Amino acid sequence: MSQLGRVKQWNTFARCWHLFDAAWQNPLECSPTIEKYLKGLNKPIYHPLVDCGDHVVVINSKQIAFPGEEWRRRAYFHHTGYSGGATWTPAWELHDRDPTMIFRKAVYHHMKGNLFRRVVMERLHIFSDSNVPEEVMENITNQIPPLRSIPKTLSSYSKEEIEKYPKIIDYPEDFILSKN
Amino acid sequence: MLTLRTTNRVLKVLKTAQKCEQSFHRWLAPTLRELKRRKDIQGPEKPVHRKTFLEWNYDTEIYAFSKRLGEEFNNDLLQQALTERSYIIREEERQKNVGIEQPTLNLSDNKELVSKGSDFIDDIVKRYLRTVLPRLPEEGIIGIHKYLTSIETLSHVSFHIGTSELILCAEFPVEKPTLSNVLKSIIAALIESSGDSRAALFVRDFIITQIADKDLHQFWEPEEPIKLLSEILARDGIQSPEPRLIGCSGKNTILACFRVGLYTPDNKRMIGLGFGETVDIAHEMAARDSLRQLFGTLDNILLPFNLKLDQLCASSVKNLFLNEWSQKTLPFRPTHFELRQAKEISSN
Amino acid sequence: MVFTTAIMMVRSRGPDEFWRKRKIFKIAAHFSGRRRNCYSIAIKAVHRALQFATIGRTVRKTDMIDLWNTRIKAGCEEHGVEINNFKDSLSRCDIQLNKKVLADLAIWEPNSFKALSDLAKSVAIDYNLPGTEKYDKPSNVITRGLLKK
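Here the protein sequences come in this chain order: A, B and C.
Position 7 of the first sequence, counted from 1, bears residue number 7 in UniProt numbering, the numbering being contiguous throughout.
Position 61 of the second sequence, counted from 1, bears residue number 61 in UniProt numbering, the numbering being contiguous throughout.
Position 68 of the third sequence, counted from 1, bears residue number 68 in UniProt numbering, the numbering being contiguous throughout.
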């Protein structure tokens with residue numbers, strides 16, 4: 001192969017690194033998007049047998065969100081292999097133990113089970129907060145837009161902003177908002 | 001209808017009856033196996049020249065050969081072109097051994113034809129390359145010419161137009177230098193039989209087309225492209241280009257990929273783009289890319305293979321050498337598009 | 001030279017055991033273990049393999065269609081067009097490129113594919129197809145609607 005052909009090939013199959021902020025995102029909703037980048041479904045050269053997927057770095061996985069009763073109702077099953085070794089861990093408990101586990105499992109279970117699944121999962125890097133090692137951060141060249149907009153919490157408003165906020169009524173002076 | 005059906009049925013029965021006659025014999029497979037075993041013991045068969053076969057007719061084969069090529073050959077010349085010196089020497093010795101004092105063979109060898117054909121091929125190939133690649137430096141022309149006239153290429157062509165069995169020479173199987181010599185002498189024979197223009201078409205169709213679909217810079221790669229590019233641009237009064245990193249992915253991994261663009265400092269125009277696993281390689285590839293653009297040898301160009309002898313430039317004309325190459329002093333030659341247009345106008 | 005093998009294989013139903021079995025062994029040549037060497041095991045494996053082959057002939061077609069769709073979708077995404085709008089617009093322009101050709105264009109002719117996606121965008125805007133609010137009108141495409149205005 002000529003020199004030009006070699007670098008062309010190298011450029012075509014170059015791996016990109018994508019950043020995804022998981023704060024306030026539902027992992028079950030995110031997994032199709034993450035899978036798309038991990039498998040290389042976003043490239044026209046995609047083929048199931050060709051290793052053309054990208055890396056995805058997921059940050060803030062501690063701050064993922066589940067709808068409704070999901071934290072309490074969703075149970076993660078594990079079996080040790082011995083009799084009576086089955087355990088069902090609720091999502092909130094699993095998340096307490098390892099904040100990256102729910103996200104990883106969501107992506108893993110979304111993908112079709114074949115011999116490539118574990119190889120593809122190796123390209124998913126999950127961090128529970130935004131403290132990402134410098135050498136990983138330097139690789140990143142793209143950001144995946146968040147699927148849901150992040151709501152602004154009351155605590156993030158400053159006192160002046162709260163005072164400036166338009167009011168409908170004024171409480172009477174002797175009205176007690178809270179006991180203390 | 002009924003009669004038709006009955007006849008069909010009768011025919012079917014007849015057919016099956018015929019098949020039954022060709023039954024297989026139980027002895028067939030063991031016999032074949034035994035034959036195979038004996039054959040294997042004897043080892044692989046030696047290659048046999050076609051002339052040892054009973055129905056071999058050399059004159060007919062030569063006639064068919066010239067007709068296959070679609071050319072008009074002088075039969076004696078073609079015969080001479082296919083005769084090697086080694087064959088004549090061997091035949092003479094054989095006759096002496098038999099007892100003939102003064103062996104007479106009405107054969108002459110192809111030595112003169114080879115040198116004539118070789119000169120003709122050199123001339124046509126160079127002129128053709130200079131016509132279709134007017135911007136390529138002379139070094140590149142020499143490199144491609146060297147590839148096209150190498151023994152490897154010529155023997156490949158010669159073998160595949162079917163000369164190997166027609167050559168009269170001492171050795172068997174025919175060696176590569178002999179094959180390439182015979183191709184040269186065939187072209188010389190063609191010059192004398194049908195004229196220069198016909199022979200030029202032959203060279204174009206069989207030899208020059210060997211570079212089709214190949215990367216031209218695999219035959220000639222300029223050394224130190226970054227330095228060379230800045231020298232060439234300096235001759236045109238352009239400052240040496242400025243490399244910029246325009247993309248990278250996976251910087252800290254072993255699969256890192258960098259893209260470097262070369263920009264001219266004055267008008268900020270991109271003149272080359274390269275990629276590679278390190279910044280240095282990408283920079284070098286960018287310089288090579290801009291050289292390709294200057295020399296008109298991008299990897300997606302389509303070379304015209306439809307020029308005739310009168311459309312080629314003269315043999316005395318040469319391309320610029322690398323040490324004097326500049327865009328201002330480029331020779332003016334009609335490009336192949338203009339040549340094609342001129343041809344269409346003249347035909348109308 | 002006469003090659004008898006091919007002729008024997010065609011008619012190998014007859015009494016000669018060798019040729020009858022040879023046909024099966026030939027199909028089982030790439031199997032592993034006893035499935036390629038022992039006839040009674042080989043014939044079962046061959047029957048099974050031929051059944052799979054029959055199914056595979058239809059599955060292959062759907063697999064290829066899926067692959068082409070994925071590739072076209074990826075190409076559309078690069079240029080910011082929805083695949084539904086892309087297909088719809090191309091058919092409205094009477095551009096009769098099939099999935100295979102579109103997928104090949106997306107890989108080997110990215111510039112041609114970009115031109116197609118630009119065309120698709122502007123046609124989608126002209127016909128006011130659903131989901132066209134987010135498209136910017138490409139400046140390099142002139143459609144009939146533009147000429148009228």
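Treat the hints with caution; some may be incorrect.
Using 25 Å as the maximum straight-line C-alpha spacing, the simulated DSS-like pairs for lysine-lysine come out as follows [to be verified]:
#, chain 1, residue 1, chain 2, residue 2
1, A, 112, C, 61
2, C, 26, B, 39
3, B, 51, B, 96
4, A, 8, B, 116
5, B, 227, B, 268
6, C, 44, C, 21
7, A, 8, B, 214
8, B, 36, C, 26
9, A, 8, B, 36
10, A, 8, C, 61
11, C, 137, C, 114
12, B, 96, B, 116
13, B, 308, B, 214
14, B, 39, C, 21
15, C, 61, B, 36
Here chain A is said to cover these stretches of chain C; the calculated rule only asks that three of the stretch's residues, wherever they fall, bring their Cβ under 8 Å from a Cβ of chain A [claimed, not checked]:
#, segment
16, 21 to 35
17, 44 to 52
18, 97 to 111
Since the hints were made in silico from the structure, they are not lab data.
All of these numbers come straight from a predicted model, not from anything done at the bench.
Every residue, glycine too, gets a C-beta built ideally from N, C-alpha and C.
Task: Violated hints - listed by number, lowest first - done: 4, 9, 10, 12, 15, 16, 17
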